[in-house]
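A.B. asks: Below are the chains, spelled out letter by letter.
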Amino acid sequence: MKEISTIPVFSLNNADKNDFMLRNMNSLTQLHLKNCFEYKSLMEKFENIKQSYDSLLDIPFIPVRLFKYSNLLSIEKKDIVKTMTSSGTSGQSVSKIFLDKETASLQIKVLSKIMADFIGKKRLPMLIIDSKSIISNREKFSARTAGVLGFSIFGRNVEFALNDDMTFNYERVESFLKKYESESILIFGFTFIIWKHFVLELEKAGKKLNLSTSILLHGGGWKQLENQSVDNIEFKNRVLNISSISKIHNYYGMVEQTGSIFVECEFGFLHASSFSDLIIRNHQTHHPENQGSKGLIQLLSVIPKSYPGHSILTEDLGTIYGVDNCKCGRMGKYFKVHGRIKSAEIRGCSDTYS
Amino acid sequence: MIHIPEDIKKKISFLIGKANQVSNAPVVVFDESRTKFLSDLSIELLSNSSIRQYPDVATFAFWCRSSNLNKIIKNHRTSRLRVGLGMVYHNSPSNVPVNFAFSLVFGLLSGNTNVVRLSSKGSDSELIILNVISELLATNKYSEIRQFISIIRFDRDDEVNKFWMSVADGRVIWGGDETVSKMRSFQCKPRSREIVFPDRFSLCVINANKIVKVSESDLKKICQNLFNDVYIMDQNACTSPQLFNWVGNDSSIKKAKDRLWPEFSKYIRQIHSLEPIQYMNKYVDACRNALSNDNIKSIKHENNLLFNIELSHFNNKQQDQRGYFGTIHEISIKNLNDLAAIIDDRCQTLTYFGFDNKELKNFIVSNQLHGIDRIVPIGRSLDMDVIWDGYDIINHLSRTIDIY
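These protein sequences, in sequence, are chains A and B.
Heads up: the first sequence at position 296 corresponds to 295 in numbering that gives the first Met the number 0, and the numbers run straight through without jumps.
Heads up: the second sequence at position 85 corresponds to 84 in numbering that gives the first Met the number 0, and the numbers run straight through without jumps.
Fair warning: there could be bad hints in the mix.
[Unchecked claim] Pairs of lysine to aspartate or glutamate, DMTMM-like flavour, derived with a Cα cap of 20 Å:
| hint | chain 1 | residue 1 | chain 2 | residue 2 |
| --- | --- | --- | --- | --- |
| 1 | A | K67 | A | E314 |
| 2 | B | K299 | A | D57 |
| 3 | A | K341 | B | D233 |
| 4 | B | K17 | B | E177 |
| 5 | B | K299 | A | E233 |
| 6 | A | K49 | B | E301 |
| 7 | B | K120 | B | E177 |
| 8 | A | K341 | B | E143 |
| 9 | A | K39 | B | D355 |
| 10 | B | K181 | B | D198 |
| 11 | B | K209 | B | E31 |
| 12 | B | K333 | B | D355 |
| 13 | B | K140 | B | E31 |
| 14 | A | K341 | A | E225 |
| 15 | B | K296 | A | E46 |
| 16 | B | K140 | B | E43 |
| 17 | A | K39 | B | D284 |
| 18 | B | K253 | B | D284 |
| 19 | A | K67 | B | E309 |
| 20 | A | K33 | A | E43 |
| 21 | A | K39 | A | E2 |
| 22 | B | K299 | A | E46 |
| 23 | A | K95 | B | D284 |
| 24 | B | K253 | A | E46 |
| 25 | B | K299 | A | E225 |
| 26 | A | K95 | A | D323 |
| 27 | A | K39 | B | D233 |
| 28 | A | K335 | A | E158 |
| 29 | B | K296 | A | E37 |
| 30 | A | K195 | A | E158 |
| 31 | A | K341 | B | D293 |
| 32 | B | K296 | A | E75 |
| 33 | A | K293 | B | E274 |
[Said to hold, decoys possible] One-sided and incomplete, this derived list gives chain B residues near chain A with beta-carbon spacing under 7 Å:
| hint | residue |
| --- | --- |
| 34 | P25 |
| 35 | V26 |
| 36 | V27 |
| 37 | F29 |
| 38 | I276 |
| 39 | M279 |
| 40 | Y282 |
Simulated from the structure, these hints should not be mistaken for lab results.
Ideal placement from N, C-alpha and C gives every residue a C-beta, glycine not left out.
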């Protein structure tokens, strides 16, 4: 897809963006119908096969959880260069995503364009709020590992802030900060790790760092922080208080659509780039919801060619607040994520004897 | 009285009854003081101001009313003497709150002392019934009955289960295959009897021609009935129909489906909704199903409340193809006998529409079926009774004594 290098990442207007997405979604849908037997069979059974779909709203989607149960791929096995897996607590099945060379390279291209818009094209000294063992211990290749490795390419002179036992290494961090005193630094980590091993740790130790020129990028979900009633605003305030970082960007994305992440702007909204989009759907009818209404998030991405993940229905709830008119100046849809739909109990006769 | 060893006693909490007052004395079947107690229980429950919010409690209370008990007594009339077994131990299911109460009543009517273990998961319905039972038992009128009812809780513990199994004259085990085999692993008295409720599969059979011809108002009634069968217990009770079998020729089946399903879908939308995760689970399950079963022809879901999964043929694991919260697997067959191919001993309830008693009886007998223990009209799949799962529970939990 040559277009990726020529298309601006956040300045397509709604009409152009729609044309671009619809064209790509149509061709990806046909590609996967042709190359992925399971995808085709699913679409046949749901009676949802068309030569061409008239609107983005009509593009078929599949539930993201399906990647946990089936190996869905649209390439020959021999062409797999990388298999990505989702995190998942023990006992749960994990998503398996199969990449070929082309899809893997598209991921990097799209991610680079999105990142450049937020941190600039120049690579910055990078401090990762995690331990180095996360990338050196190959037996534990988790989503965290993939994230750290994936984002490391946007930094230089990468340093890790935590020891292997997840304690904060003040000495190492202070010498890193001293070395790059005059530069802005990219700080990266997973939301709950930053909270637990950076914010709470520094607060407890009564220490403060001056990182006022740095940019913090974090993602991975809010589930564990929600349990402690910590929302994005609280998170930002507490980070600012201990480190003077004011440029804090959360990102939203999932392993099933690696690359086309949604980054939070200066005004607190997540943004769809030119290469991805979202539709909010009603959980009961799957009909699209209006702007301002809460519903299930369907994600579209032009990246997935090696597996049928270009249009997936997530289990996250979100609200779109507008298109092309965010105060930050970025075009496209902007939105917020409210977390995952809650689990519920089922009635019935069965019972384990406990 | 049953002696409970100290180390066992301290692991059990008695919600109703006392550890040193568990009798094992059998009394006659349908003992009058007990039927009076049950009919008072019914009256008390039905006069409870919050009963409307708990349809399951109301159903139980309505079942216990004296006119229904009299009907049961009449149906069991015999000149022979019948007395209970002694002490019957009940292991109740966790997800159908009122079944513990039905189980208790079955044990009382058949002349037994009852030790009922509740699941660890409490519920409002359970609490309402427990409160009324305990109030009634506190009165002098029913002081004689106290020793025959113990309702208990204990944490999962093999030693406690082992004890109860060693002293019980009968056991009623709800809760599916796993629970049944676990409880069977304990040594029981040689003469003890058991009633077990393992995992079951239930189905529905519909005469397409009859659906085509019913009046609009009858069609509405059919929708209400199907709703009760499918949605009230999340389609997860052992009696909930999983597979819908349409009997007729292709054109009448098509006509019947085109008439019934849109009407049904409309009806459910007006009165029912699910949790977001339940819609999602249904949708994901339907997709998984579609990927792993070659007998699925199409999946229709205009609204996520109702999924219609059309099958081209029975597969060899038909009873594993299940759905919940309103997931209807359906298949077309030429006549009732075609259904025999998938009936085995796991099949429990057959709900029907448009067939007469003779046809249904003939279906069971002529096909020499191992399964199907209940045949009820649509809408009544959840109706609990003393004839259940192929048992006549009253007879099974009592001894019949011939006196010449």
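A.B. asks: Give a verdict on every hint.
C.D. replies: Structure-based check of each hint:
| no. | hint | verdict |
| --- | --- | --- |
| 1 | A/K67 - A/E314 | holds, 13 Å |
| 2 | B/K299 - A/D57 | holds, 16 Å |
| 3 | A/K341 - B/D233 | holds, 17 Å |
| 4 | B/K17 - B/E177 | violated, 30 Å |
| 5 | B/K299 - A/E233 | violated, 45 Å |
| 6 | A/K49 - B/E301 | holds, 18 Å |
| 7 | B/K120 - B/E177 | holds, 18 Å |
| 8 | A/K341 - B/E143 | violated, 48 Å |
| 9 | A/K39 - B/D355 | violated, 43 Å |
| 10 | B/K181 - B/D198 | holds, 14 Å |
| 11 | B/K209 - B/E31 | violated, 45 Å |
| 12 | B/K333 - B/D355 | holds, 17 Å |
| 13 | B/K140 - B/E31 | holds, 13 Å |
| 14 | A/K341 - A/E225 | holds, 13 Å |
| 15 | B/K296 - A/E46 | holds, 10 Å |
| 16 | B/K140 - B/E43 | holds, 15 Å |
| 17 | A/K39 - B/D284 | holds, 17 Å |
| 18 | B/K253 - B/D284 | violated, 25 Å |
| 19 | A/K67 - B/E309 | violated, 25 Å |
| 20 | A/K33 - A/E43 | holds, 12 Å |
| 21 | A/K39 - A/E2 | violated, 27 Å |
| 22 | B/K299 - A/E46 | holds, 8 Å |
| 23 | A/K95 - B/D284 | holds, 18 Å |
| 24 | B/K253 - A/E46 | holds, 17 Å |
| 25 | B/K299 - A/E225 | violated, 37 Å |
| 26 | A/K95 - A/D323 | violated, 34 Å |
| 27 | A/K39 - B/D233 | violated, 31 Å |
| 28 | A/K335 - A/E158 | violated, 31 Å |
| 29 | B/K296 - A/E37 | holds, 14 Å |
| 30 | A/K195 - A/E158 | holds, 19 Å |
| 31 | A/K341 - B/D293 | violated, 32 Å |
| 32 | B/K296 - A/E75 | violated, 27 Å |
| 33 | A/K293 - B/E274 | holds, 15 Å |
| 34 | P25 | violated, 27 Å |
| 35 | V26 | violated, 29 Å |
| 36 | V27 | violated, 31 Å |
| 37 | F29 | violated, 27 Å |
| 38 | I276 | holds, 5 Å |
| 39 | M279 | holds, 6 Å |
| 40 | Y282 | holds, 6 Å |
Taken one by one, the earlier hints fail for this structure at numbers 4, 5, 8, 9, 11, 18, 19, 21, 25, 26, 27, 28, 31, 32, 34, 35, 36 and 37, listed in ascending order.
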